[in-house]
Every structure is written in structure tokens, then in C-alpha cells.
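Chain by chain, the residues run as shown.
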Amino acid sequence: MPSLTLADLQARLGGTLRGDAGVLLHGAASLEQARAGQLSFLLNRKFLEQARASGAGALIVPASLADSLTEPLPQPCLAVANPHACFARALALLHPEPPPTPGIHPAASVAADCVVDATACIGPGCVVETGARIGARSVIGPNCVIGAGAGVGEDCRLHAHVTVQHGCVIGNRVVLHPGCVIGSDGFGLAWESGQTGGQTGGKNGDNWLKVPQVGRAILGDDVEVGANTTIDRGALDDTVIEDGVKLDNLIQIAHNCRIGKHTAIAGCAGIAGSTSIGAWCQIGGAAMISGHLKIADRVTVSGGTFVGKNIREPGVYTSVQPLMPHADWLRNAAHLRHLDELAKRIKQLERQLNTDPRNEQ
Amino acid sequence: MPSLTLADLQARLGGTLRGDAGVLLHGAASLEQARAGQLSFLLNRKFLEQARASGAGALIVPASLADSLTEPLPQPCLAVANPHACFARALALLHPEPPPTPGIHPAASVAADCVVDATACIGPGCVVETGARIGARSVIGPNCVIGAGAGVGEDCRLHAHVTVQHGCVIGNRVVLHPGCVIGSDGFGLAWESGQTGGQTGGKNGDNWLKVPQVGRAILGDDVEVGANTTIDRGALDDTVIEDGVKLDNLIQIAHNCRIGKHTAIAGCAGIAGSTSIGAWCQIGGAAMISGHLKIADRVTVSGGTFVGKNIREPGVYTSVQPLMPHADWLRNAAHLRHLDELAKRIKQLERQLNTDPRNEQ
Amino acid sequence: MPSLTLADLQARLGGTLRGDAGVLLHGAASLEQARAGQLSFLLNRKFLEQARASGAGALIVPASLADSLTEPLPQPCLAVANPHACFARALALLHPEPPPTPGIHPAASVAADCVVDATACIGPGCVVETGARIGARSVIGPNCVIGAGAGVGEDCRLHAHVTVQHGCVIGNRVVLHPGCVIGSDGFGLAWESGQTGGQTGGKNGDNWLKVPQVGRAILGDDVEVGANTTIDRGALDDTVIEDGVKLDNLIQIAHNCRIGKHTAIAGCAGIAGSTSIGAWCQIGGAAMISGHLKIADRVTVSGGTFVGKNIREPGVYTSVQPLMPHADWLRNAAHLRHLDELAKRIKQLERQLNTDPRNEQ
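Residue numbers (the numbering used here), protein chains in the order written: chain R, 1 to 361; chain X, 1 to 361; chain V, 1 to 361.
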């Protein structure tokens, strides 16, 4: 782990120094846990007292807050416009990833006609199939599988056990976390009644016929895909994940979806087939979005929400049941099956009251 | 990619030709994107205008629709009873999977006593454990693991990173997508209070004791399992996936479930332990079905629905909250905690009005 | 499979014998399916008639029930305080896991500086990176990846395709099922408006900046993690899974969560970042718990429930929509968007009635 002074950080990240610029930093931690020699950060005024009490060796702070303090913070500070982003960059400097060793590990199986850049790193147990291309400085982690004709751009980082299926395209600076699957077949099925099946040589009885999935999955630049997330290839046309999209773990993106640039989707969410999500959206954890929908730009969907129709306007949308003690739920939920009847009884009461002669006076 | 004429397709798939039977096709695409030389299809009358405008070289169309048109479609057509299924078969002819090279890759680890058919293909990085059997023409993709004594039938296609645990049985023509896990342990736990734990040598305090899972997972013929889907082995008896079942990605099938033939389950669904689902059911994405239930044949469960009780009759069943702008949700959801009280207030109003002397007249 | 007498089981597991202690057992099955030579068990009085009709060679039964029977069961019995736990232990004796062969498989890639105990077993296709440690008698299944500096304790069982990322710590007697991922990056993102991005060299336009995740994932002793479940490493501090926690398949545990000891979480559940769950909790399948929450000890969350606020008291909590035929749901759900209005109409009716002169009498 490198050691940097606060002045070093300022030289690389900008901002204004307050206090001892020579304080030596060799790591980072939360306000509560940081000790001497560790950098921490302060997001806003709410954490001010916690910051004053922190044992951190230095802090990154909002410039507007720093300017407004009558009593300065006890630690040396770097004051910047966006402390969260600045802290992220400082972390990357203080905890750099170990540089990969370029080359193909002897325990990898790489087809003879692949184009692997000399600066790329192919880990042990990897399988790179015929015609695949791996760009400069990309790291393919242990036991990954890159399918025939697939392309991985420059400066990518594929962690362990990633699958990129045949023909799929991965942009530059893409991060794929362990176990994620890019370009698996979409869930395309044609229904055959027993009769039709019989006509065309199928078995007797109603059954599903697999529809070959011949599109691709295309990931733009700066995309990040979480552990065990799955992105299906298109049925005919392509599934497209635009630049800067960030996907958490265990998400399902079905065939022919398009996810707009810089949209972030939290864990356990599912997007059904042919749905198009705009740019700069935020989709909460375990949200489920039905197929063939259009979601506008800058839409926020709350965690646990089910989206069953188009969303045309930016804003926050929600559909969750509130939590209750189970005994309360039992009492209340029974009425959900009879809301229509309750509404009719209210209407009937209104009619009775409004035909009350005295109300007509 | 092979080139076929429309007449070639008719010779293999049946149907009636209209227009130039000699048009050469070398691929397929959607109505919007298809160009000369590409096949597309028309599901029903709704897409008629789109079809007329399509650049496709030829179309597969419903026979009933083709018969009813006063002005025929501009493209050569193959008119059939079930255009979706016919298009699926045409796709398979136009985009055939590359034929696998039979044999065991030198970078695979196959136990000496395995029975691998001479026409099967075992990819690089595969591990096939003692006593496993792999049938004729089956392809085991890169880095798969086939456990001890497991059996894979004929003409199966296991994509990358599939796990089939020991003793499990896979039928014929089964497709397993990347990262799916067949036969993992079920979630079987026995509760031990601190006292009982003490009696039998356990640690102090309440804790869970693992119940060994000694059943198997059995998959029938023509089953398809999506990427990163998990199917647990039975606790004592077996978990059974019947013929023709189609499972999408990221689905959990718990121990001792039985899924009836030709049932299709969409992504992110979960079926809890010992639940039995009938034949020809359709379970929507992210639907969750509790344990120890019975679902009848030909039941449709809407996406995002929670099933907490048996379903004895065919039909469509739903339990989702409708989507609202968050501000509306805040206003409405508060009342969900007090529905029982609202219902009582309505009853009270009805009593008051019905004891109104004028209503008694 | 070993053969044991009922007396052998009593000698190892305690309890009181009834009937022929010499009956030879070579396996176990459910009450319905058990035949001669197979052990089964009876959880409580509800299954009494089923037990009497069972073909099982012997039964494990609750001592209290056995004492109360006027007509004893036809099968030889072992009467114990906790039959479920006793049966679990008997199963482990009747179905012992095959003993692993210690040593490193020649098709594994183990860095030279790893510390692998001589009694541990490293399977084919495994990758163990620099500085990792594997404890005594631990079995690392085929194609697992153990990251740099990670530690696996004693008597652990890692099934196929498990990923343990760099620096993570796995306790003793931990079971990790196929495809699970321990220590993937958390979903940490800093928002950069176009302006800020411009200042610091970023691209034009609003975008997300990855926050390096430098904490670890720490798993205690006796933890079990299901197939394809993901546990993220901490952002700065660690993600902690305490002793005896049992996680089912396809669960997401986000960064900086703490799961208290002996808590069990069923399949498809998701726990968002920085949430802390107490000890001895039971979280139902597909339950989703928001971030930055605290859940008390001994809380039960029903399956499919969304938890959006702290739970401070033990008890059972629920938030699910009841299931309805779809036609009923259409009628009822419409009112959910207008509950606030319905409540106001009730209030209005109450006002009208209560200002009714006759009600004021």
C-alpha cells in the first residue's frame, strides 16, 4: 500500500488544503474506525460532530461546509466540491489494484486464432474460444470463459468465473464481477398445440419449442456488472447496455432490453424482455419491470416495486406493501380481497345520505 | 451461415408458398431490421402494416391471415398454421449451432471410470467425477463440473460453468445455460435449543443443525434451465423437473419440488420446498411460491405475484401492488395499515343509516 | 453406504430404544417411501397414522409422544427429545460423505507461497492465488477460485465453482455451495454532475464513479452459503456473517451488512447495504430488506415481505398482497390507487351523519 501526503492528493485531485499538508496517509477508513495515518471523508453537515471526534489522519470535506465553519475541524482537510467522488479517487490512489502480469497463463486454453493483446492478462483456467479478441491491458480472471468470436475491449477487468457467450461485445473499462453471465440465451419459446406439433414432426401434446436466440449482448464503455448477474443475448436484434451503466449483483436483464447510459440498477432487480429503460435512471433493489415497456430518462423506481406499465415522466415511483406485525397484516389483508365491495358500500352510503331529504335542503 | 431458398424451407417445414419460392435467405431479423436476404415473420394481423413496410427478403405468415388478404404482401411468403413455431424451426436451419468436435479436451479432468460416449464432447476445464456418464452427442461446455455418479443423457448441451452435483440425472436434449446449478443441497435445518444441543454434544445456545440432503435432482427430456438458476436436490426423496419444463435465469427451485411437464417459469421466480406445480403452467417473472403447496395444471401466475396457498383451478392469479408516483403511494399506503379500521367505520355508518327511522319506513 | 443397527444409532445419539434394537439399517427415506432396512422419523402426533402405515425398518420418534401411546408403533423406535435433530445426525451416519483424498490435484493452479494444510484437498481446476491459506481437512471442490491472501479455516467444504475474493476470511466447518461468491465488490458509486466531472478530468455529463471497495467479507464458524448466493465485501469496514448463519440459494448480502449468529435466510432474499440483522432471526424466501436498517434479535420476516424500516421488537412481520384470481385483482387493485380518497369519503360520511340533527339528540 503506497503512502501519500495530503499535498500529494491535492496535486492529483484538486481542492483546497487546510491544516498540515504533509500528513502521511497509508489507507482509508470510515469516520468511526479511522486512525492516525488513515484518510476519511465527510459527506455533509450531518456528520460534523462525528468528524470532529474521528481519529482520522486527514479528511476530505465539502468546500461549502469548510468555508462556513467558525471553528475549523481538528484534522488536516482537503476541501472539494464533491467529497464523495474525490474520496473515491483518493481510495483508488491509496489502494491501487496490484498490476497484472501480462501474458497467457499456461493453465489457460486459448484458441490459436484469438487476438489477445500483448499487454492483456489471461488467468489460469480461462477458456478463450476461436476468434475471440481481448484488448490492451484487460485482465481476464481465473476460470473465465470467453465464447467464440466475442470481443473484450481495453482496460477491462473480468473477475473469476465470468462467462461471455459467443459473439458478444464488451466495451472499454468494463468491470465484470464473479459469476456474471453475458449473452446467455433469452427465454424465447413458441407454443405448439398438440395438433401443430404433430404436423411438423413434434411430439404429441402441447409443448414449448425453443426459439433460437441469434442476437448478441452489447455492453458499452465503463459498464459494471455485479456478481452472478445475467444479461441475455437478443432474440433477433441485440440486447444493449449503454455506456456507464452500473448493475449490482443477481440482476436479470432479459433479451432485447436496452438500458440507457449511466442508469444504475440495484441487486436482485429483474427487467423482462424488450423493455427499454432511459438514461440516468435509478432502479431499486428487487424491483421488477415487466416486458415490452418504456421507462423515461431520470426515473427512480423504489426498491421492491413492480412496474407493469410505461413510465413517461421523470420522478419517483413506488408499489410496495407497508410492513406490519403479522397479526395486523392478517386483519388488514383480508380486506384487500374485498376493496371493490368496500368501495361500493361507501358509494351506497353516499347515495343514501345524499337522497336524505334534509341533505337536499 | 447456410443459404436456403424459401422453397427449401417449405420442403422441410411444410406450409404454402406465395410469391418467388427461389428467394435466397442467409439469416433472419425482426420486421423493423430485416433486409434483403433475411427472413422475418408476422405473428398476427396487428403487425400487418409493419410487415408491408419491412425490407425482409421473405416472411413466414399465418395461413388464415394470408388467405384473407385482398392485397397480398409484397414479400414472398410461407403461409403456415403456427408462424411462431415455424419461424423458430427456420431460425435453427439458418443459424445452425457449430457442430462440436467429439472427444475429451486435453485440459479436462475426467475420472478413469466415467462412461463418456465416443460422440460426446467434453470441453476444456471440465471436471467429470468418478462414475459419471455422458450420453451420445452431448456437449459439455468449458469449465463444467459433473459430480460423481451423475448422468447426462443424449443430445444435451451444457454451456459454460454448469454444475451437476453427484448422483443427479439429466434427461435427453436438455439445455443447461451458464452457471446453473443442478442438485445443490436443499435448505434443510433442524433447530436445536441450547438444552438439546448440550445433550447431544452440540455447542451451547440455540442453533441450526444441517440435515444431510440425500435425495437427487432429476430432470426429464427437453428441459431447459437458464443462466445461474439453481435446482436443489431432494432431502430424502427426489426433486423432479418433468419433460419439457423451461426455466429462465436466476430461478430457485427448492428441495422436493415437482414441476409438471411443459410448465414454463420466467426469470427471478422462486419455488419453496416440497411444492408441486402442475403441467402446462406459466409462472411469471419474480413470482414467489411458498412451500408445501399444490398448484393445479394450466395455472398462470402473474409476474411479481406471491402465492401463499394452494391453487386448485386453472386460471390466472395475481397479487401485486399497482405502481404509483411515490407521493401518491405515501398517501395511499398509510391506509393499508388501517384497512380493518376503515372497514369497521363503514360498517358503523351502515348501522347508523339503517337504524335511521326514515330508512325503516 | 454403511449398515448400522438401531442400537448403534442409540450408542452414538442417545435416546431410549423400543422394539428390536438389532434391526439393520442401510439408508433413510420419508415415511411414505421408506422400506425395510430404511430409517424414517416422526416429527409429531400429526404424522402418527402415516407412521403406523410406513414400511420403514425403524423410526426416530419424540420421547413425549412414544410415552403417551397406548398402542406402541409397529416399528422399532428410538425415542428422543428432538427427533428432527437426531434424524439429521443419523442421516450423516448412514450417508457419510466420501472421504476426500488429501493433496493438491495436478490440474489445480496453486501459487507457490500459499499455505495449504497437508490434510486439505484442492480439486482439479482450482486456482489458489498468492498468499492464500487453506486449513486442515478442508475440501476445495473443482474449479473454485481462492483470491490472494484469502483464508479458509478447518473442516470446510467448498463445492464446485465457488469464488472467495482476495483477503476474505472463512471460518471453520463452513459449507459453500456451488457458484456462491464471497467478497465481490459492493455497489458503491459516487455521483458526478457534468460540471464536477469536468473539473476532475471526467467525461462530460452526469455519471457514476466507482468507489473502490477495500473492506473484506468475514464468515464465522459453521456458516453455510447456498448456491449462487453473493456476499459483498465491505466498502471501508467489513461485511460480517456471524457464527452459525445459514443462507439458502440466490441471496444477495450487500456491503457492510452484519448478519447475527444463527440467523437463517431463505432463498432469493436480498439484504441491502449497511443493514444489521440480529441473532436467531428467520428471514423468509424473497424477503427484501432495505439498507441502513437494524433488525432486532429473534425477528421472523415472512416470505415475500419488503422491510423498509427498523424492527426493534422480536415477532413476526409481514407485507404481502394476498393472492386473487386475476379478474378479482383487477377490480380490487384499482382502489389501491385511491385509498386516500376512499378514506376521506368515509370521514365525510361520518361528518354528515354526526351533524345529522337526530344523531345529536
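It is worth saying that the hints were derived from the structure and are not from the lab. Please note that the accuracy of each hint is not assured.
If chains are identical, the list can't say which one is meant, so a pair holds when it fits in one copy or spans any two.
To be verified - In silico DSBU-like pairs for lysine-lysine, Cα to Cα no more than 30 Å straight-line:
#, residue 1, residue 2
1, 309, 344
2, 46, 309
3, 210, 46
4, 347, 46
5, 294, 347
6, 294, 46
7, 344, 210
8, 294, 210
9, 344, 46
Since we're looking at a predicted model, the values are computed, not measured.
> Among the hints numbered above, which are violated by the structure, and what are their numbers in rising order?
Replying inline: 4, 5, 7 and 9
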